[in-house]
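Since the structure of chain D is already known, use the hints to place chain X on it.
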Amino acid sequence: DAKTTQPPSMDCAEGRAANLPCNHSTISGNEYVYWYRQIHSQGPQYIIHGLKNNETNEMASLIITEDRKSSTLILPHATLRDTAVYYCIVRARNAGGTSYGKLTFGQGTILTVHP
Amino acid sequence: KAGVTQTPRYLIKTRGQQVTLSCSPISGHRSVSWYQQTPGQGLQFLFEYFSETQRNKGNFPGRFSGRQFSNSRSEMNVSTLELGDSALYLCASSLGASSAYEQYFGPGTRLTVT
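In the order they appear, the protein sequences are chains D and X.
Per my numbering, residue 1 is the first one in the first sequence, and the count goes up by one each step.
Per my numbering, residue 1001 is the first one in the second sequence, and the count goes up by one each step.
Next comes chain D alone, as it looks inside the complex:
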């Protein structure tokens, strides 16, 4: 799976949009970009994923650059409850191979939302 690079920490004011960047310059065409977050001592929570196109759901939007070498997770109106560690993960798409299905977590970005 391609390696990802994320800033170690970010701050955001409550009510403002939080834009979390992720660099995955070695991503290949068959790899998905996934985002998870983990609030202290809880299990990671799935947020969103995409392959090429931008994606949006009730939690967030995912913007993937045209060359797919980087992406941005957008939380449109951050709240205090969005304070968490955010993980950007690249997963191989095709079945088979040793990376089949598994998630490889890096250090993530600690997002702190301030009142």
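To be clear, the hints were calculated from the coordinates, so they are not data collected in a lab.
Wrong hints could be hidden among the right ones.
[To be verified] The calculated EDC-like cross-link candidates involving lysine to aspartate or glutamate, where the alpha carbons are at most 20 Å apart (straight line), are:
{"hint": "1", "chain 1": "X", "residue 1": "1001", "chain 2": "D", "residue 2": "58"}
{"hint": "2", "chain 1": "D", "residue 1": "3", "chain 2": "D", "residue 2": "67"}
{"hint": "3", "chain 1": "D", "residue 1": "69", "chain 2": "D", "residue 2": "55"}
{"hint": "4", "chain 1": "D", "residue 1": "3", "chain 2": "X", "residue 2": "1102"}
{"hint": "5", "chain 1": "D", "residue 1": "52", "chain 2": "X", "residue 2": "1102"}
{"hint": "6", "chain 1": "X", "residue 1": "1057", "chain 2": "X", "residue 2": "1075"}
{"hint": "7", "chain 1": "X", "residue 1": "1001", "chain 2": "X", "residue 2": "1082"}
{"hint": "8", "chain 1": "X", "residue 1": "1013", "chain 2": "X", "residue 2": "1102"}
{"hint": "9", "chain 1": "X", "residue 1": "1013", "chain 2": "X", "residue 2": "1075"}
Using the frame of chain D, we list chain X on its own:
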């Protein structure tokens, strides 16, 4: 729909003992993965099961094992516990074993080895 459940939530064991942790996936999900989380190593993949077969295994010693039952429920076992096995053990389920399917995590089992 109920989420992923893990039992027990907390466990204290002594070095040398063995432990079995249980995971019930979301209804209809056939794939179960296990992860270990420690402050030093972060979140690490242990193994993945689909249709009662282990499909993938992480870089852990043979003391760590698992299995999946016909109803998709899964158990993991750690034998001859070491102090370093103290961790949060997380189970995740997904519809299938492909990376196209998102994994949903349970709350975890906090294991303390003394």
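Hints versus structure:
With a CA separation close to 18 Å, the supplied pair residue 1001/X and residue 58/D stays within the 20 Å bound. The hinted pair formed by residue 3/D and residue 67/D meets the criterion: a straight-line CA distance of about 16 Å does not exceed 20 Å. Between residue 69/D and residue 55/D the alpha-carbon distance is near 16 Å, which keeps this suggested pair within the 20 Å criterion. For the hint linking residue 3/D to residue 1102/X, the alpha-carbon distance of about 19 Å falls within 20 Å, and the restraint holds.
Taking the CA atoms of residue 52/D and residue 1102/X, the gap is about 16 Å. The hint holds against a cut of 20 Å. The suggested pairing of residue 1057/X with residue 1075/X holds, with an alpha-carbon distance near 15 Å, which does not exceed 20 Å. With a C-alpha separation of about 37 Å, the suggested pairing of residue 1001/X with residue 1082/X is violated against the 20 Å cut-off. Straight-line distance between C-alpha atoms of residue 1013/X and residue 1102/X comes to about 33 Å, which puts the hinted pair past the 20 Å bound.
With a C-alpha separation of about 17 Å, the suggested pairing of residue 1013/X with residue 1075/X holds against the 20 Å cut-off.
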